[in-house]
Amino acid sequence: FSRVLDTAASLREPHRVSRYLEDLAGDYHRFYDSCRVLPQGDGQPGDLHAARLALCAATRQVIANGLGILGVSAPERM
Numbered sequence: 004f005s006r007v008l009d010t011a012a013s014l015r016e017p018h019r020v021s022r023y024l025e026d027l028a029g030d031y032h033r034f035y036d037s038c039r040v041l042p043q044g045d046g047q048p049g050d051l052h053a054a055r056l057a058l059c060a061a062t063r064q065v066i067a068n069g070l071g072i073l074g075v076s077a078p079e080r081m
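With the numbering used here as the guide, the letters of the sequence shown map in order to residues 4 to 81.
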């Protein structure tokens with residue numbers, strides 16, 4: 004993400020940030036659609052679930068930071 008920001012700033016092409024965020028959101032959607040993030044039913048979360056939750060949190064943070072840089076507000080919940 005930092006390389007995208009550096010490139011967008013040096014070339015004065017802010018659309019690179021929005022394109023990156025759009026691609027990231029698409030990748031995240033495919034991940035979330037194909038991988039179980041939380042255990043089913045009363046199952047106990049394991050290391051894999053914790054890693055997937057961490058990936059979700061990191062993705063959320065990058066998207067929030069990118070939108071903030073672009074001056075775009077986003078809802079906390081949908």
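It should be emphasised that the hints constitute simulated quantities derived from the structure, not laboratory data. Warning: the hint list may mix true and false statements.
Said to hold, decoys possible - Cβ-Cβ distance ranges computed for the label pairs, FRET-style:
#, residue 1, residue 2, range
1, 77, 45, 32 to 42 Å
2, 53, 14, 36 to 46 Å
3, 47, 15, 28 to 38 Å
Even glycine gets a Cβ: it sits at the ideal position worked out from N, Cα and C.
For each hint, the structure was consulted:
1. For residue 77 and residue 45, the Cβ-Cβ distance of about 33 Å falls inside the hinted range of 32 to 42 Å, so the restraint holds.
2. Look at residue 53 against residue 14: about 38 Å separates their beta carbons, and that is inside 36 to 46 Å.
3. Roughly 50 Å separates the CB atoms of residue 47 and residue 15, a value that falls outside the hinted 28 to 38 Å.
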